[in-house]
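Enquirer: Can you make the complete structure from the sequences, with help from the hints?
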Amino acid sequence: MTQINLNDLSQLQAINKKLAGGYHISEQDTTLWQELDQHIEAYQALFAALGHDLQHDARGFYYLASDESTPNMGKISRAIALTVFILIEYYANQGKDPLRALFDEQIDLELMQTLIQLNKHLFDQLEIFSGSDLRKDVFLRMLRLGLCKETERGFILLAPVYRYIDALMEVNEDNFEALEEEV
Amino acid sequence: MIPAKKVLNTLNEHWSVLELLFKRFKMSDFSIKDVQNFIKLKNPNWSSERVYKETNRLLNQEIIIPLAKSSQLEINRAVADFASFLLQEEHLGLAEEITVLVKDLQRLGERLSQAGNEGDHSELRRFSRIMDERVRKIVKLFQHNESAILNLVEQAKSDHSNLSLKRRYQAVIEAFDEYIEPMLEMVDIHGPFQACFSQIELQISEQITQIEQLGRGAHDKRMLEQLRTRILDMHLIGRESLGKSADMLMPLREELRRNTLITRQAAKVLGLIRKNGVDRMLSPVQPDFVSDIQRFNLGQKRHMVAYMASLAEFEHEEYQLPDHDDVPAYQSPNIPDYQDVRKSFSSSGKKRTALLGFLSDSYPKLEADEMLFLYQKLISDPDLSVTQSDSQESMQLANTKIKLYPFSASEHTESDAEKAKQ
Numbered sequence: 001m002t003q004i005n006l007n008d009l010s011q012l013q014a015i016n017k018k019l020a021g022g023y024h025i026s027e028q029d030t031t032l033w034q035e036l037d038q039h040i041e042a043y044q045a046l047f048a049a050l051g052h053d054l055q056h057d058a059r060g061f062y063y064l065a066s067d068e069s070t071p072n073m074g075k076i077s078r079a080i081a082l083t084v085f086i087l088i089e090y091y092a093n094q095g096k097d098p099l100r101a102l103f104d105e106q107i108d109l110e111l112m113q114t115l116i117q118l119n120k121h122l123f124d125q126l127e128i129f130s131g132s133d134l135r136k137d138v139f140l141r142m143l144r145l146g147l148c149k150e151t152e153r154g155f156i157l158l159a160p161v162y163r164y165i166d167a168l169m170e171v172n173e174d175n176f177e178a179l180e181e182e183v
Numbered sequence: 001m002i003p004a005k006k007v008l009n010t011l012n013e014h015w016s017v018l019e020l021l022f023k024r025f026k027m028s029d030f031s032i033k034d035v036q037n038f039i040k041l042k043n044p045n046w047s048s049e050r051v052y053k054e055t056n057r058l059l060n061q062e063i064i065i066p067l068a069k070s071s072q073l074e075i076n077r078a079v080a081d082f083a084s085f086l087l088q089e090e091h092l093g094l095a096e097e098i099t100v101l102v103k104d105l106q107r108l109g110e111r112l113s114q115a116g117n118e119g120d121h122s123e124l125r126r127f128s129r130i131m132d133e134r135v136r137k138i139v140k141l142f143q144h145n146e147s148a149i150l151n152l153v154e155q156a157k158s159d160h161s162n163l164s165l166k167r168r169y170q171a172v173i174e175a176f177d178e179y180i181e182p183m184l185e186m187v188d189i190h191g192p193f194q195a196c197f198s199q200i201e202l203q204i205s206e207q208i209t210q211i212e213q214l215g216r217g218a219h220d221k222r223m224l225e226q227l228r229t230r231i232l233d234m235h236l237i238g239r240e241s242l243g244k245s246a247d248m249l250m251p252l253r254e255e256l257r258r259n260t261l262i263t264r265q266a267a268k269v270l271g272l273i274r275k276n277g278v279d280r281m282l283s284p285v286q287p288d289f290v291s292d293i294q295r296f297n298l299g300q301k302r303h304m305v306a307y308m309a310s311l312a313e314f315e316h317e318e319y320q321l322p323d324h325d326d327v328p329a330y331q332s333p334n335i336p337d338y339q340d341v342r343k344s345f346s347s348s349g350k351k352r353t354a355l356l357g358f359l360s361d362s363y364p365k366l367e368a369d370e371m372l373f374l375y376q377k378l379i380s381d382p383d384l385s386v387t388q389s390d391s392q393e394s395m396q397l398a399n400t401k402i403k404l405y406p407f408s409a410s411e412h413t414e415s416d417a418e419k420a421k422q
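First to last, the sequence lines map onto chains C and X. Following the working numbering from start to finish, the first sequence increments by one per residue and tops out at 183. Following the working numbering from start to finish, the second sequence increments by one per residue and tops out at 422.
These are calculated hints, taken from the structure and not from any lab test. The beta carbon of each residue, even a glycine, is placed where N, CA and C say it ideally should be. It is possible that some hints are incorrect.
[What the hints assert, rightly or not] Here are some chain X residues the structure puts well away from chain C; computed CB gaps all over 10 angstroms:
1) Asn37
2) Asn60
3) Phe289
[What the hints assert, rightly or not] Within a straight-line C-alpha distance of at most 20 angstroms, the following computed SDA-like cross-link-like pairs (lysine to any residue) qualify:
4) Lys75(C) - Ala58(C)
5) Lys157(X) - Lys136(C)
6) Lys75(C) - Asp288(X)
7) Lys33(X) - Leu8(X)
8) Lys275(X) - Tyr90(C)
9) Lys33(X) - Ile2(X)
10) Lys268(X) - Met169(C)
11) Lys157(X) - Glu105(C)
[Stated by the list, open to error] These stretches of chain C come out as covered by chain X in the derived footprint (C-beta under 8 angstroms, 3 or more residues):
12) 19–26
13) 96–104
14) 108–116
Expert: Shown next as structure tokens:
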């Protein structure tokens, strides 16, 4: 039986509020991240008792795992996934190291417009029609989920985006063939 | 013959210029103008006369030498080698170089043991010395290659994100495939190097025991012992150096592999998305987020207020079925019932002539289309037999003039008589 001293968990309220909203706490949220880092077991036990699954990813972020999603969140996640995959392809086409560029480069409105132009028919399916739509519907939401941070000129993706890269790699393993057979 | 000290002094004085030349042109050629420019660059307050003199000094001391049959210059190879050693600007050698040297070592080992067996001490010493030299050379090559790989790794890692991934890592992959892998194979515990070295070691040990037994040439014994130690040491150095190099290169290679994997995967998945649609492809794989706010809360205060307001105004409306009175009364068309028409037509007996004539006589009030409707019904009635006339007739029907091949009834025996009349 884990003994949890609530007095130790000084950031519990802030952490709960962020995590329950789907936010990913990564190293840039210094206070919360350090707090979680120090008391990870207590927090994990506490959240487990509340019916949540607090996950620590070794690439430097904490989040509540969930295997179901509200339809609205599902749609947002889909748009984010598409954007991340398209960014990878875009950087690779530019001859850049995609993984490095993904986390190093700023994504400004101009780039967003280019992405939309290049992949219009894909974004159309998600009702994203312009660069500013992309900014509003994807990047501002990613900001709210802790997947990116805002800078003067645009957005920079953060470590939690690895969840999408994992998802990308996952397509290979099982769903890929199954989906193709289904088609 | 140029005195060494003089050359060293010049090198010392002009080291910054030479370093620049070496870095800028590597092993390629350059013109005398380039040299003068560099000297001027490093010593901006020198007069052009002095610059000219210093350039000539470099030329005279053969630190830079003219290319054959050309006015271009190059750095003296000996100086270039020295500089590359000092600057650690080393280029990766080939695995072959080391292999050749080791094979040579093996050959020399055989010669050495042969000389020892024959008791030829001067030969023994000579081969021992050559072998010693070879071993030093191999160790130098190992160290040289190690620092070359370090350079490669640093270059690959340093930020050239505008350079293409493939080009950036090309050197790394080449180094791995052409040097590290063959070399690791060679120095493997069961590899050819090990066999070769243990053979040499055995040969030298044999010579040492022989010398001990014969009690001659204590000096040679010491030399052979040293050589044996050096060879064993060399093997160890080689293994360590290669291990270190592989450790440095491996993460980069992994990174490259991972990157190409991701790129390929992204292209593949996007291709599938294009074919199958975004929702269908991504729904099963996308990460899910906890969104308690959306699941358990209705929304913010303003959403609540709006919701309550619409609740307050809500009125239950019953669905009203229409009354019986509301149904408009059925208005039958002006056409008389067909059964009646049929009856009156059958009973009309001899009076009936052409069908249309009968109809217009019996129902003069009917419109032309209503009349035609009845006409059509009568001629398609299976109980009445009708015949169609061959000639076209035109007749007046109500207010309309029509042209047709009229049908006439031919039912009973009386009608046959009628037909004959017609």
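Enquirer: Look at each hint and say if it fits the structure.
Expert: Hints versus structure:
1. Asn37: With a cut-off of 10 angstroms, asparagine 37(X) remains clear of chain C, as the shortest Cβ separation is near 34 angstroms.
2. Asn60: holds, 48 angstroms
3. Phe289: Not fine: 4 angstroms to the nearest Cβ puts phenylalanine 289(X) too close to chain C.
4. Lys75(C) - Ala58(C): violated, 27 angstroms
5. Lys157(X) - Lys136(C): violated, 35 angstroms
6. Lys75(C) - Asp288(X): OK: lysine 75(C) and aspartate 288(X) at ~10 angstroms, within 20 angstroms.
7. Lys33(X) - Leu8(X): violated, 23 angstroms
8. Lys275(X) - Tyr90(C): With a Cα-Cα distance of about 19 angstroms, the restraint between lysine 275(X) and tyrosine 90(C) holds, given a limit of 20 angstroms.
9. Lys33(X) - Ile2(X): Roughly 25 angstroms between the alpha carbons, so the hint for lysine 33(X) and isoleucine 2(X) is violated.
10. Lys268(X) - Met169(C): The given pair, whose Cα atoms are some 10 angstroms apart, holds under the 20 angstroms limit.
11. Lys157(X) - Glu105(C): Answer holds: lysine 157(X) to glutamate 105(C) is near 17 angstroms, not above 20 angstroms.
12. 19–26: n = 4 at 8 angstroms, threshold three: holds.
13. 96–104: Coverage by chain X holds for the segment 96–104 of chain C (7 residues, Cβ < 8 angstroms).
14. 108–116: violated (count 0)
When each numbered hint is compared with the structure, violations occur for hints 3, 4, 5, 7, 9, 14.
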